[in-house]
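Undergrad: Sequence:
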Amino acid sequence: MKQLRTGLMIACLALLSACSSTQELEPVVRTVVQTKYEFVLMPNEFIQPCNVSAHVVGDNASHSQYTVYLESVIDICNKQLRKARDWNNANRD
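Residue numbers for the sequence shown follow this note's numbering, so the first one is 1 and each next one is one higher.
Hints listed in this document are in silico derivations from the structure and should not be mistaken for laboratory results. Just so we're clear, the structure is a prediction, and the values are computed from it rather than from any experiment. Take these hints with a grain of salt, some might be off.
[Said to hold, decoys possible] The following label-pair restraints were derived from C-beta to C-beta distances:
#	residue 1	residue 2	range
1	N91	V32	25 to 31 Å
2	V57	A90	39 to 45 Å
3	R85	Y37	18 to 24 Å
4	S64	N44	30 to 36 Å
5	L70	F46	18 to 24 Å
6	N88	D59	39 to 45 Å
7	D86	Y37	18 to 24 Å
8	N88	S53	26 to 32 Å
9	K79	D59	28 to 34 Å
10	K79	V32	41 to 47 Å
11	P43	V73	33 to 39 Å
12	L41	Y66	31 to 37 Å
13	Y66	T35	37 to 43 Å
Glycine residues also receive a C-beta, built at the ideal position from the N, C-alpha and C atoms.
Could you put together the complete structure from these sequences and hints?
TA: Given below as structure tokens:
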């Protein structure tokens with residue numbers, strides 16, 4: 001009977017020592033991603049108004065010259081718009 005009591009006591013002590021040990025906690029690592037949006041203005045050279053000066057049209061020759069002048073102003077405006085569209089498409093991301 002003495003051996004049984006000693007054996008039970010050793011078994012209880014062994015179980016108690018197993019319960020008293022604590023595991024080490026591992027640190028929790030979290031990665032936080034924050035999106036930041038930045039508003040980018042279009043360069044002023046792309047959005048300047050196209051200036052058209054008024055000409056006095058007297059005869060058909062001056063009328064033709066004024067028409068050529070207006071077409072050149074329209075070409076300059078179209079170049080500005082093309083540059084603005086290209087810049088806008090390049091900066092969409």
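Undergrad: Hint by hint, work out which the structure violates, then give me just those numbers in ascending order.
TA: Hint check: 11, 13 fail, others pass.
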